[in-house]
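All chains, full assembly: derive it from the sequences and hints.
Line by line, the protein sequences give chains A and B. Numbering of the first sequence is given in our numbering, commencing with residue 1 and proceeding in unit increments. Numbering of the second sequence is given in our numbering, commencing with residue 1 and proceeding in unit increments.
Hints in this document: simulated from the structure, not taken from any laboratory.
Cut-off 30 Å, straight-line C-alpha distance, at most; resulting in silico cross-link-like pairs (BS3-like, lysine-lysine):
#, chain 1, residue 1, chain 2, residue 2
1, B, 128, A, 269
2, B, 112, B, 97
3, B, 97, A, 31
4, B, 97, A, 301
5, A, 483, A, 539
Short derived list, chain A residues pointing at chain B, Cβ under 8 Å:
#, residue
6, 33
7, 147
8, 260
9, 263
Beta carbons are placed, not taken as given, at the ideal position from N, Cα and C, and that holds for glycine.
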Amino acid sequence: MDATERRADTFPKLVRLNAERTPRKVAIREKDYGIWQSYTWRDYYEQSRLIALGLASFGFARGDKVAIVGDNRPQLYWAVMATQALGGVPVPIYQDSIEKELAYIADHAEARFAIVEDQEQVDKLLHVRAQCPRLEQVIYDDARGMRDYTDPCLTSLEALQERGRGFGAAHPGHFEAELDKGEADDTAIICYTSGTTGTPKGAMLSHRNLMATGRNAARAEGLGPDEEILSYLPMAWVGDHVFSYVQSIIVGFAANCPESAATVLSDLKEIGPTYFFAPPRIWESILTSVLVRIDDCAWPKRMLVRACLDLGQAIERCRLEGRPVPLWRRLLYPIGGALVYAPLRDNLGMRRVRCAYTAGEAIGPEIFLFFRALGINVKQLYGMTEASVFVTIQKDGDVRLDTVGTPVPEVEVQIAEDGEVLYRSPGIFQGYYKNPEATRQTVADGWLHSGDAGFLDARGHLKIIDRARDVTRLADGTIFPPKYLENKLKFSPYVKEAVCIGQDRPFVTALVNIDLTAVGNWAERRGIAYTSYTDLSQKAEVYDLVRGEIERVNRSLEEDEQLKTAQIRRFLILHKELDPDDEEITRTRKVRRGHVARKYAALIDALYGDGDRAQVEAQVTYEDGRTGVIRADVRIEDVVGVLAR
Amino acid sequence: MTTAAAGPLLVVDGISVRFGALLALHQVSLEIGRGEIVAIIGPNGAGKTTLLNVISGFYHPYEGRIAFAGRERTHLAPPDVAALGIARTFQNVALFKGMSVLDNIMTGRLLKMRGSFLLDALWWGPAKRQELANRAFVERIIDFLEIQAIRKTPAGRLPYGLQKRVELARALAAEPELLLLDEPMAGMNVEEKEDMCRFILDVHGEFGTTIALIEHDMGVVMDLSDRVAVLDYGRKIADGTPDQVRKDQAVLDAYLGAIHE
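In structure tokens, the structure reads:
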């Protein structure tokens, strides 16, 4: 890093530097009309400049907030930079938010402008405009379906850039002057954390926060300008912001935006990223798709693949636990590599992956092991929005199953007396927007209280047990970690989501969501007819299938002295999928326990009663925000064997 | 909607079609103005599909005449009709099941291709330029109908609703002035129907395509169309705006069953 680079203390300044130094290097791509369209750093800077000048022509003032809503698109990343360049603050919002959530955030953040992807988002914003009095202009990128919209607050991005061109000609030097006014401690972004409890809070991160952590982590991993990443996670999630924007700009590597949400897996294969990031749910769904395909094979092939995968996992388990690998397994490994691991890696689009992370929440050890065994360098990362993501990373060659690694440079980790993980780093956020009370509760004396329970092991690795308030005890006082059980359940391709209950109860029970693809496929092969998700979920055969999975989990708990009592004794399969629109899980798919417990109180009572059926009435929210009620009769079953003991 | 100056796009004037002793259409007249969406409805066997087949040149009427864009063209064969700018989809999906979605849609561009066997085989010069230009056009349609994810999937492997959408894409690839849709929503669930409605309206809005469709779902018909023509036993018994048709006594009789003399 030279002096010029050090002086570039905001992201727009860094982009300008990239545009000067490597004008022709690809900065961002988007698959559009079937072709990967590339934009260089010069395009990146020029396009952002026009958007900024367009905003300036509407009288943009420093400090104005801009809501950004849509799928990952180069235009929206440019909008982030344009906003920052004018001294404004971008506020990305989850594109699948229902109107209520969108309105809450747009209003709370006092957004004056919104730059959105398409008609869908425009419709939502126009509907809730009355609740967002400060919102003046809505700018949309995709003009499709917008021909009959005459609302004066609407402008297309193209028209905005055209205005920008005119404004730039009339005010030469305006953009550059505004850009130069930016300072490291300006707020670079407000990320609203969905949170498993309560209303969203807007975490303010400064350029300094993001740049320090982004740079430290990039250096620790040895990232270079030739990395390729796939930008497919919601822009509103701090993870995507850090990887696709912050690190892409700092290191100068290319971000690639997929064609649509449905094409992510095939786009992954085409790009062959070298640096990849996914939360556990994505790893789970990739795993499910692989397992489903294996099930569809003829039996010789199936046996071979299963044997090779088992071998790989056994070897990887030895490695991660630091035990020696038996010679015969080492001899067989290259065969598995040639027959299964390498072709599968290639098929998944992960042949070139040098470094992949899983983060966001705990990953089931079996899932983690599966990908490691294929030879993909997946590592656990522990981070939070409030820390500009990076807290700890597993170093290459020092990966373990049950820890999340060691602190990245400049991060200090400390465990409070009650077991809560505290840390301090240059990435600690500026506070929650308009919520000093919550900020005070989170940061004390420079130490951020993570809310997670964990400890540092003898080698300085951080181990997270669970959300601090989630680890509870059964009525008899034995420990009950719900997340841990749920992750074990979710390793099964048939289980999509699970909620375990047991606090102050005599035993553990589970609410299970089946995976429609995997179970549907399974049912089809057995000739089991079903009409809908609800119907399929209540089939006796499906209950048997899920019971088998629970018994597997129980067997593995049996081996653990501490968790023996946490075996699942009764379960039911929910008649509907847990959905963020119904506030049962967050947009990043974390279970909101409080909500689920309240909403399904009748079912939970029935789980601890004697009956084998329960009536449920659940309110559902459709994508357009309307609500309806689903009624169903849900079966409740015992897991035999456990009860007998 | 109709621009009076240009005259109607399609004029069907007193056509009759006979299959042996069965009079499938009897002196049916219909005008479709430029930029209109016209629905053709009627009970089963009323002659709706026959009418569409006459317009697309598949059947020829034994009396009456048809004019398209001001030109008389009663007795053209289907390829010539297609070249004039009329494209259609079928009641029962008629895709090449073994071919990818992309290739299926590309077949819709065949009319626009001027090839020489040798140059095409060598993939050189004008042949290459032409293929690229056509592919670019097809990609715009794929984007428009949001079927990027199935571009390379064999058509036969797709669920029914998507096959219908691919068929629409293939018809659009011919850049038609008049699009004939034979029951575009048959056999679809509510969500698929809503999607299809949106696509039809978008096609109409973005490309200005004139559309004639046969449909049984009255909700869809009333929402989509500017005008509704009702057939019963081969005769046109009503023609007007959705509201007029809804109140028309002859239509109510045809659908609800009145006593025929």
